[in-house]
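Engineer: Given the sequences, and given the hints that come with them, work out the whole structure.
As they're listed, the protein sequences go chains A and B. Numbering of the first sequence is given in the working numbering, commencing with residue 1 and proceeding in unit increments. Numbering of the second sequence is given in the working numbering, commencing with residue 1 and proceeding in unit increments.
Everything labelled a hint here was simulated from the structure, so no lab data went into it. Here the structure is a predicted model, which is why all the values come from computation and not from measurement. Possibly wrong hints are sitting among the right ones.
[Stated by the list, open to error] Distance condition first, Cα-Cα at most 25 Å in a straight line; then the derived SDA-like pairs of lysine to any residue:
#1 A:41 <-> B:156
#2 A:4 <-> A:160
#3 B:167 <-> A:713
#4 A:41 <-> B:161
#5 A:41 <-> B:81
#6 A:664 <-> B:160
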Amino acid sequence: MSIKDAAQAVMKKAVQAAPDGWMPGGTPDPLIRQKHGLIGKPVSRLDGPQKVSGTARFAAEFPMENMVYAALKYSTVAKGRIKELDSAAAEAAPGVVLVMTYRNAPRMKPAPLFMSSDKAAGGDDLPIMQDEEIHWNGQPISLVLAEAQEQADYAKSLIRVTYETEPSVTVFEDAKANAEQGVFQGQPLLLEIGDAEASLAAAPHKVDVVYRTPRHSHNAIELHAATVGWDGDNLRVHDASQGVAHGAWSLAQVFGLEEAQVHVTSPYVGGGFGSKALWQHQILAAAASKVAGRPVRIMLSREGVYRIVGGRTLTEQRVAIGAQADGSFDALIQTGMVAMGRHNNMPEPFILPAMSAYKSGSFKLAVEAAKMDMLANTFMRAPGEAVGTFALESAVDELAESLGMDPIELRIRNEPEKDPTSGVPFSSRHIVEAYKAGAERFGWAARKAKPGTHREGEWLLGMGCATATYPYYRMPGGAARITLTKDGRATVEIAAHEMGMGTATTQTMVTADRLGLGMECVTVNYGDSHFPGVVLAGGSQQTASIGASVIAAHRELITELLKLAGKDSPLAGLDADEVTGRDGYLCKADELGRRESYVSMMARIGRDEITAEATAPPPLEFTHWSMHSHGAMFCEVRVNAVTGETRVTRFLGYFDCGRILNPKTAASQFRGGIIMGLGLALMEETQFDERNGRVMNPSLAEYHVPVQMDVPEIDVIWTDIPDAHAPMGAHGVGEIGITGVGAAVANAIFNATGKRVRDLPITLDKMM
Amino acid sequence: MSINVNGSSIDLPSDTRVSLLDLLRDHLDMVGTKKGCNQGACGACTVLVDGERILSCLALAVQYEGRSVTTIEGLSTEGMLHPIQRAFIEHDGFQCGYCTPGQICSAVGMLGEVKRGLPSNVTGDLAGGSITLTRDELCERMSGNLCRCGAYNGIVDAITEFAETIK
Chain A
1 MSIKDAAQAV MKKAVQAAPD GWMPGGTPDP LIRQKHGLIG KPVSRLDGPQ
51 KVSGTARFAA EFPMENMVYA ALKYSTVAKG RIKELDSAAA EAAPGVVLVM
101 TYRNAPRMKP APLFMSSDKA AGGDDLPIMQ DEEIHWNGQP ISLVLAEAQE
151 QADYAKSLIR VTYETEPSVT VFEDAKANAE QGVFQGQPLL LEIGDAEASL
201 AAAPHKVDVV YRTPRHSHNA IELHAATVGW DGDNLRVHDA SQGVAHGAWS
251 LAQVFGLEEA QVHVTSPYVG GGFGSKALWQ HQILAAAASK VAGRPVRIML
301 SREGVYRIVG GRTLTEQRVA IGAQADGSFD ALIQTGMVAM GRHNNMPEPF
351 ILPAMSAYKS GSFKLAVEAA KMDMLANTFM RAPGEAVGTF ALESAVDELA
401 ESLGMDPIEL RIRNEPEKDP TSGVPFSSRH IVEAYKAGAE RFGWAARKAK
451 PGTHREGEWL LGMGCATATY PYYRMPGGAA RITLTKDGRA TVEIAAHEMG
501 MGTATTQTMV TADRLGLGME CVTVNYGDSH FPGVVLAGGS QQTASIGASV
551 IAAHRELITE LLKLAGKDSP LAGLDADEVT GRDGYLCKAD ELGRRESYVS
601 MMARIGRDEI TAEATAPPPL EFTHWSMHSH GAMFCEVRVN AVTGETRVTR
651 FLGYFDCGRI LNPKTAASQF RGGIIMGLGL ALMEETQFDE RNGRVMNPSL
701 AEYHVPVQMD VPEIDVIWTD IPDAHAPMGA HGVGEIGITG VGAAVANAIF
751 NATGKRVRDL PITLDKMM
Chain B
1 MSINVNGSSI DLPSDTRVSL LDLLRDHLDM VGTKKGCNQG ACGACTVLVD
51 GERILSCLAL AVQYEGRSVT TIEGLSTEGM LHPIQRAFIE HDGFQCGYCT
101 PGQICSAVGM LGEVKRGLPS NVTGDLAGGS ITLTRDELCE RMSGNLCRCG
151 AYNGIVDAIT EFAETIK
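Structural biologist: This is the structure in structure tokens:
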């Protein structure tokens with residue numbers, strides 16, 4: 001253990017042992033108690049009119065004067081060197097402004113690898129078009145700029161290139177021989193409590209099986225794109241980004257600039273799911289723009305997205321559970337292997353659910369990473385949990401079957417009172433209530449315990465369930481600015497993101513409630529790297545991060561307002577903790593009649609506006625408490641006995657995610673996650689050609705995502721029990737929906753047919 | 001050579017390679033019509049040509065000389081949203097909003113097909129002449145428009161509500 005690791009371990013212990021009151025969330029957010037406001041009301045999206053009328057502008061839709069269009073050419077070998085590269089014909093083609101290759105690209109540093117520091121955004125840390133070296137099949141080797149997209153695309157086709165290939169590792173079985181311990185967020189993905197193998201061997205009942213999940217691609221419908229231009233040494237980027245502050249800082253590192261010289265904005269993002277980070281296209285567009293002296297619009301082709309934007313990697317997971325006859329777990333083992341690129345660090349952490357899901361006498365959890373010569377794999381919706389819950393929750397179902405127990409009963413039997421691996425208390429955990437209420441709502445009692453016994457004509461019917469789980473996170477660096485104007489209106493500025501989660505709408509509601517203003521008096525501005533805060537739209541942490549940041553800024557604002565209002569205000573002598581906002585007034589919290597309106601206070605102060613900016617406290621709460629979202633997922637399928645076709649006919653997600661801020665947008669997040677989970681269960685796979693390391697299905701025609709006809713009406717409901725230790729009592733809800741779905745579907749298919757499929761996706765051939 | 005876009009006559013491009021989608025987006029800066037795959041697989045670029053839905057990424061602009069194209073920008077009149085646009089907002093029939101213009105144009109075209117009695121893959125009686133817009137009929141007919149955010153339920157609700165109002 002290094003000194004840094006040791007210091008971290010000591011710090012962790014100290015945070016766990018500290019009094020609750022010292023923690024962020026130790027004193028519950030006052031908004032949790034407030035029941036009369038906007039929070040909890042179904043509010044339609046504020047940006048709805050722009051989105052339905054086509055006036056919302058995305059990254060590739062901002063014009064810049066004198067702009068040119070880019071096209072990328074990709075390598076066709078996995079490893080080696082460019083031997084010959086002839087771009088003469090391309091350079092001579094009509095409309096061509098620049099052909100950029102490693103020979104004429106400006107000198108750039110590699111992008112800082114995501115999670116290597118707070119604002120690092122790079123998908124990998126490879127050199128970017130700096131030399132002849134090829135590191136993966138699909139690496140950009142040339143960029144063409146032309147006056148029109150058609151001209152750039154045509155010129156690209158004229159570039160001739162040959163390679164000297166070098167030995168590469170593109171076969172997973174070969175890569176396994178040199179696997180390394182996976183390290184995630186600075187911690188080894190390895191946890192052992194007791195002697196799990198011995199406990200398993202001694203257990204009277206057990207399941208010990210291997211599950212496999214394939215590579216996945218995010219497939220946001222908006223293609224990755226950017227419009228970039230230079231003004232002297234200042235770089236302007238219209239990006240599609242889940243991390244504008246991260247992107248700006250990282251681009252500054254690449255080009256050797258000050259952070260403030262790079263301005264990244266991203267008002268609308270056409271879906272992200274983990275993919276809208278900093279990949280080579282934005283960097284190459286900026287480099288080419290510098291060389292050509294003209295602004296550049298780059299929009300990847302769909303194939304291009306598959307070539308240079310990583311996806312979720314494959315996993316191979318052993319799950320073994322040893323249990324007593326009453327179902328209580330003696331041993332819980334989840335170990336295995338993932339494929340990983342050589343120049344990134346994302347060992348798909350599929351053991352995370354098992355770290356807190358069940359009580360067990362012993363644990364053995366481990367992820368090893370087998371490095372391959374392939375495109376950097378990356379974060380995709382519920383990284384770890386989406387595929388980890390497939391294996392874990394399938395195994396629990398298999399154990400229930402062998403014990404002859406109802407799978408819900410088995411789960412409740414192993415419900416822990418405190419976090420089973422860290423030992424700290426849960427902040428809020430109501431999964432048992434969710435299961436009980438969900439079973440009632442779904443009609444679980446009608447499920448036939450014996451598989452393959454419910455048949456209607458050609459169709460076999462079955463029901464399955466599984467637990468959904470995803471952690472509450474809050475990353476460091478959240479900050480926000482609030483400005484109150486003399487007309488009693490407030491504006492929040494924060495470098496956060498709206499990719500469809502409903503952030504802009506929901507945070508407007510929250511801020512309005514916090515200030516005691518109507519929604520029409522509050523504006524939330526986001527998606528701009530020049531705003532305060534390092535707020536990643538990832539890890540389902542954005543809601544908490546914005547919440548904690550606005551709490552801090554709001555406190556500063558009210559403190560300043562009370563101070564400036566002085567002794568003649570009815571609120572004289574009170575501090576920020578003693579007042580609350582209501583109907584445009586600031587009121588003494590326990591004596592609402594003692595109040596003064598914001599307009600009156602501003603007039604008294606004699607200022608046009610007051611601005612406060614503050615940083616959220618360090619995110620210690622989820623070390624002090626075990627903080628997780630949960631869901632009880634129920635699925636009904638029909639499987640055709642002749643063709644093997646599976647149709648999902650009903651789905652219920654019963655969620656326990658703290659207080660739901662906006663039921664309308666939260667329901668869409670839950671459903672969207674579940675639908676992506678149906679894709680993971682039944683159809684999605686990025687097919688990787690192990691002979692040459694090339695993705696074989698780089699299109700939406702060949703990578704199947706769920707379409708309208710694949711999706712039944714999805715029922716979602718929630719406990720709505722606030723987590724007293726989270727801002728607003730709320731958890732982010734972006735990722736929980738995809739977790740557990742794969743297992744719920746697989747378990748339902750088993751119940752329908754008696755066939756257990758442990759290898760996703762569950763396509764027709766596997767059912768024959 | 002010209003084409004009519006949302007009521008305005010537009011000169012066709014001299015480069016015959018320009019797709020209808022790129023004409024709209026790159027030449028006319030009418031970016032409401034979206035590019036999601038440029039190969040006819042996602043439906044984001046759906047527009048109406050003389051009232052029928054087509055994928056503008058698979059259409060060369062010059063093929064449509066003299067035809068009338070309606071894009072998402074042309075559905076709302078004088079700043080007033082079309083009722084189906086309002087229904088999409090009310091039923092949260094989108095999240096990120098990128099596939100939404102295509103979904104809405106596709107829905108308008110689809111309802112016209114139903115009205116004309118065009119059968120789909122799930123239509124039972126192909127010779128029946130009239131189509132009842134069941135949930136299955138709607139889902140089947142809208143399956144060419146992908147939504148990765150998974151707003152499918154809301155889309156069904158929005159289209160169903162709108163279809164009721166025009167019966």
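Engineer: If a hint holds in the structure, say so; if it doesn't, say that too.
Structural biologist: How the hints compare with the structure:
1. A:41 <-> B:156: 22 Å, holds
2. A:4 <-> A:160: Between residue 4 of chain A and residue 160 of chain A the Cα gap is close to 50 Å, so the pair fails against 25 Å, i.e. violated.
3. B:167 <-> A:713: Status holds; Cα separation ~24 Å.
4. A:41 <-> B:161: 22 Å, holds
5. A:41 <-> B:81: 24 Å, holds
6. A:664 <-> B:160: Judged against 25 Å, a Cα distance of about 18 Å means the pair holds.
Consistency note: the structure conflicts with earlier hint 2 alone.
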